[in-house]
Every structure is written in structure tokens, then in C-alpha cells.
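Undergrad: Dock chain C against chain B, hints included.
Read top to bottom, the protein sequences are chains B and C.
Heads up, the first sequence is in the numbering used here, so the first residue is 1 and it goes up one at a time.
Heads up, the second sequence is in the numbering used here, so the first residue is 1 and it goes up one at a time.
Source of the hints: derived by calculation from the structure; they are not laboratory data.
No residue lacks a Cβ here, since even glycine has one placed at the ideal position from N, Cα and C.
Keep in mind that a hint or two might mislead.
[Unchecked claim] Derived contacts from chain B toward chain C, CB cut-off under 7 Å, selection only:
no., residue
1, GLN28
2, PRO31
3, SER51
4, VAL54
5, GLN55
6, VAL56
7, ARG67
8, SER70
9, PHE140
10, ASP142
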Amino acid sequence: MAEGRLKAEQRQFIPVTFTLNGKPQEIQVEPHELLIDVIRNRFGFTGTKRSCDVQVCGACTVLVDGRPLSSCTFLAFEARGRDVLTIEGLAQNGKLHPLQQAFIEHGGFQCGFCTPGMILAAKSLLDQNANPTRQEIIHFMDGNICRCTGYKKILESIQAAAKTLRQRGSRV
Amino acid sequence: MLRRFRLEEPESVKEASELLARHGEAARIYAGGTELLLAMKEGLVQYERLINVKKIPGLDQVKLENSTIRIGALPTHTNLEEDPVLKQKLPAFVQMEHNVANVRVRAVGTLGGNLCFAEPHADPGTVLMVLGAKLVAEKASAKREIPAEQFFVDAYETCLEADELLTDIRIPAMPERAGAAYLKFGYLERPSVGVGLFIDWDQGDTIADARIAVGCAGPRPKRVAEAEELLKRKSTKEAASALARAGEVAARAADAIGDLHGSAEYKEHIVGVLLKRAFQQISQQRSSKSQR
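Next up, chain C with everything else stripped away, as it sits in the complex:
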């Protein structure tokens, strides 16, 4: 059962930020509500006011601007899995959105809400990290860009200030030779482990850039630079043989927690398995692309 609350419906980011500043911890931003309302129904959190941001114009757009894809905070997961620009430019992101939770949650839950709620067993943060995304936070008087890997502070905790709103997610277009993948595994409603991988090649067969992120296993998704270094400047074949080691490093960095979704050791093992599969998937896509 939900307790009574008041609803505020600001029509600008400035107005929403001022409401947050005025009401402090007694108020919370509400978008899709798929996670927030669950926590409120359980009585885990209580708010005097919810601030519905869906009346603020312009936050539900997906746009390609020069070589950056700009996603507003408010498209639902369904909007994103069906978006023609994203399908063309960021297939790995679309694939992730296609598999978030279930069809009903995807129809209502928003990308921005998912990120701001910072539930540890969520998919988008991990993918955004390997895609090199920046998150735009805005308040009444200022605006800043936050690299995805700095956004998550802890379980259910982001670096947003009390009166800041997430307004935009900016993702650089994929370089021509690059590939990305996000794979997850779990046997409950939410994933036990999610692994994101981005690989870019130079003109030959050398890996020019690699990004690895691990999510769900620990309190927050994480980029793992140390594991990335093991793949960079390697040939595809050399990188493939360094994957086991990279998986171990990534697993250790994930701060895996033993819980209902599996023991810490189990999750660490799965990190390695998913990293190998993600690499295989990207390499296969690359070779089928070069054959065309």
C-alpha cells in the first residue's frame, strides 16, 4: 500500500530544482516510478512529495547531434529499444534496453530514473560506461557533465547534488571499426552479473582502445582500467589469450557481494565467462562486417 503524498508537476528543470532545494529529503523526483514506487509500497522510503518531471518539455527526445547521440532522461526503455537512431548507431545499447526487466517495466520505466535510482542490479549504467557516455546534471543555476563511471557512488547513491536533476545522457557515436556488447546472467528477476565491453581496432589488427565495465555483482557498476590495459595494443589473438587474466582482474574489481543472486565467488566466475563471450561476440561481428 502506498501512503499519501503530494504531487508537484513542474514544467521546467529550474522549477523542479527549486522544489528539490525547498523540500530537501521530504521530496523525490518521480519519472516512471517502476523502482521508486516499489520501495515506497514496501515502506522502505517515504516522501511527503513526489516531483513528477514528465511535464518538463524536451527531456524525452533522442537526437543525433554531430557525432554525439543525446538521449533525454525521460524516454522509457521501450522507447529506446524501438528508436530508429539508436538501432542504427548503438545496437549494443538497444540490445541491452530490449532485455531490461520485463515488457511492462520497459513500457513505464525511464532511462534517467533507472540511473538515478542506482539499484545495483541494473543494466544501463554498465553499458553507458563502456560506451563512453557523459551524464548531464542540471540545477537552477548551473549545469555540468559527469562521466558515467563517476556517476554511481554506492548502492542507491549517485553523485547528484540534492537539487540537481539528470537531464541528458550523451553518448559518442561508435567509431567505425569499434564494437560493443553487454551480456548478463541471472536466474532471478534481476541479473546477478552484467559485463560491458567496448573494443576499437586500428587500421590493422591491433586493439587501439578497450573498455570493460562490470555491474550487478557489487554495490555499483565499475569501469576496470587495469583489465582494459591487458587488452590494449594487443592483436585480436593476443587479446583473446589475455581474456582469462582480464576476467580475473575485472572480477576482483567488481566488489562482488554474496546474496540471493549468488555467492561472491560464483559472480566472480561469471564475470570471466561473460567477458570472454562479449569478446567473442564483438570479434565475430567484426569479421562478418569485414566480409561484407
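Here chain B stands alone, though its shape is the one from the complex:
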């Protein structure tokens, strides 16, 4: 049925209670609404970028329950009961996450459009695997595309952040 043929009173709204960047949220969404639009338009978290729109590039990556997914092709109602993290939720008390710090120090970006997705995907990897091999990083990050810097500096940034996180972990 074409859009517009569903009259206003026939519209379906789904209550969605979820956590966004650590804060509990309660919203109503229509079934066809995409997570990227809800994040950007309702919450103003525009760090989540729409680019290829077909799950190939990774610019719209967000973490849902710690796993990276393409918010451009993920229905918003599926966030029910789940924990969503965007790039805006990564810094704690004004202090950058070690991955953000490492991307700055190692020049892991130029234009920055792919960076939120890169950093979130890398966070998911490092949360699962504190000491990934070069090959494991490449396999995991395979679906995040950068068109400026090439991947060497991105790889170095992730390796440096992994080291920082391991050192921090061993101090605790």
C-alpha cells in the first residue's frame, strides 16, 4: 500500500522503551521508521552518518547491545528493551574514550565522515577481544569503508587504543 493511503487513524504506533547513550528513553515509533532517523531527527545525535544506505559502508554504525549494526537499515521499533550507543555516548565526563584519543593521536581520519562508525565498530571488537591480531582487526573492520586516509592509520589507531585499554585494565 502506497504511503498516504494509510489514513491517520489507521497509523500504528509502537511504544519503544530503550536506553540511548546510557539514558532511558520512551518513545512511540511507526513500524517503518528507521533507527538512523530516530537517532538523528528526534534526538539530534547527528554523529551517526547516512552514506551508502545499503549496509556496505559502515558510516551509520551504532552499537545495539554492544554489537555494531547499520542503523540505516534497522527498524527503530527493534530497539525495544535494548541498549543503543552512538558516538555521542562514548566520551565519559568530558573525557574522550581511548579509541577517540587514539584516532586523534594517530591521524586515523581526514574528513571524519566514516570516523564515528569506525570507532564504534572498533569499540565492539575491543570489548569482545582485548588483544586482537592485525588479521582479526582487518576481518572485523572489513565492512567499514574510508575513502580518505587509507586504512593503515586507522589500524594503528585501533592497535594503540587496544594497548591503552589493556594497560588501563591491568592497573585496575
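TA: Frame of chain B, contents of chain C only:
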């Protein structure tokens, strides 16, 4: 952009099947949505309703029952690549799942959805064919088992009836001496060619059973019995020298289509290359196993 649709959330297979029967082509089953939503965003397909099957209990399990591995339709590719039972029992399947699309698609896309969408450039169907899998289809009043090689009818088309759902994938455990491999090649996001191979040996060095399937090259994955016959009852060495011929037969049977992923001739060539490599991989695993 997605057009508006209504969402149905049945809590049993029966209820889902009845919804399909009631709404016909205006409704479609929705699981992970990684392929369906892309087609809907592009406006290639439109549905008045999506039927979310993820609230149906029990379809997300992986279980070892006697000598059969039962996989529900709903585990995601990530669930499957990380599953301890599958890692132990079906390493070739786990390897395939580990390399489906990218990490984000694997986290959301389901095995059942992948099979039912029947996108030609997909991996799981080809592997399931060589592993001897059966797919269980269920509707309100009946249940049937479909051998994997009969499931795919054409590109984007399966043999499921309008009110049937795929509920289970049943894979026999690997025989002790058998090996399996799935290799793919492509330079775009999706593979140009995928080749699955299963080899079982008798107590000596004779190949007791061989299964070959080719996917991605043509409209649907296919078992190639004629190529399998060239390897059966041969010694490992004889089979190795019959591989070139088996590759040609498999390539011809693949109905390769020239497209963005490569010309038909190119894909046919790759079928032969991947078949040889798959055989080498299985033989090497076999000899390292016998040395242990």
C-alpha cells in the same frame, strides 16, 4: 526511504501462517530485514504488512539431537559463527558464517531469512547442500522436510508455499572421516562464486561419498551430481587428478550469468579454481588429523 507498513507480531508458527494465508502477497515474513528492507527502501517490493516472526518462541535455538544438528530459522549469522556446538561439529559451516557479508549484517541477518530471500549471491544455501541439510517448512496444518537442493527454485524464489514458514534447518553430524569446505571469491560486497565440497572416505583411501555445490554464479545454488560421480570411489590421488574435469562439469552446471560480479566465462573458471582449493583444504585437514 521506507514506505509505511503495518507490523504483525504473531507468537506462534500457526498464527504467522494464518496471517500469510489471510493477506497473501500483501504481506511478507520479516526476520532480520537485512535484505528485505533494502529491497523495500529501493521500492523494488512493497508490502502492506510485515510479519515479524522473532516473537515466536523456540526458533532461535541451536541443538544437537542424536546425530542431527538442529538450527532454528532465527539465529543471526553472528550467533552461528559463535555457537559452541557448531564450532565443534560443523567447522566448515562456522567458517562460512564468519565470512557472510560484514559484521553489521551478521549481527542482524538471520540464517532463515537469508535462505528464504534466496538472493543468488548468498553463501549458506551452497554449504547446506553439501552438508546434506534438510529444511523444515511448516504451516498451520502441516509440516514437511525439504532437501536443501530442492529448496531454491530460481533467483529470489524458493519452493515454500504461500502460507509456509521455514522453521528449522537440520544438518546431519559429519561422519568421522569426512571433511567439508566452502570457498568463495568476489571483489564486490557479495561473492561472484561460491563452491562447497564434502568428501567422505572409507577406512582406506577411497572416497566413499562426495558432494559438490556451486552458488552465486547463477540464479540459484546447485548440487552437481555429475561432477560428484567423477570423484566417488576414487583414491585421493585419482580424485585429485579428476578435479579439473569435475570443475568443468560443475562450472557448466552452475548456469553462470555475466554481470557486475564477472563474466560467465570468468565465473566458470573460478568454479574450477575454488573446487581444487577446497579439495586441497579438505585433504590437508585429513592428513593433519591422521597425524595427531
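Undergrad: Against chain C, is PRO31 of chain B within 7 Å by beta-carbon distance?
TA: Result: holds, 4 Å to nearest chain C Cβ.
Undergrad: Taking the closest Cβ pair, is GLN28 of chain B under 7 Å from chain C?
TA: 13 Å, violated
Undergrad: Can PHE140 of chain B be said to touch chain C, with a Cβ gap under 7 Å?
TA: Status holds, d = 6 Å.
Undergrad: Verify the interface restraint on ASP142 of chain B: the C-beta must sit less than 7 Å from at least one C-beta of chain C.
TA: 6 Å, holds
Undergrad: So, SER51 of chain B near chain C? Judge it on the closest CB pair being under 7 Å.
TA: Since the shortest Cβ distance to chain C is 13 Å, the answer is violated.
Undergrad: Hold the hint about GLN55 of chain B up to the distance rule: shortest CB distance to chain C must be less than 7 Å.
TA: Constraint on GLN55 of chain B satisfied, holds at 6 Å.
Undergrad: Quick check on the hint: VAL56 of chain B CB to chain C CB, less than 7 Å?
TA: 5 Å, holds
Undergrad: Was the hint right that ARG67 of chain B lines chain C, CB cutoff 7 Å?
TA: For ARG67 of chain B, the interface hint holds, since the closest Cβ of chain C sits about 4 Å away, which is under 7 Å.
Undergrad: Going by Cβ atoms only, is VAL54 of chain B closer than 7 Å to chain C?
TA: 6 Å, holds
Undergrad: Would the stated hint for SER70 of chain B survive a check requiring a Cβ distance to chain C of less than 7 Å?
TA: With Cβ-Cβ at 5 Å, under 7 Å, it holds.
Comparing the model with each numbered hint stated earlier shows that hints 1, 3 do not hold.
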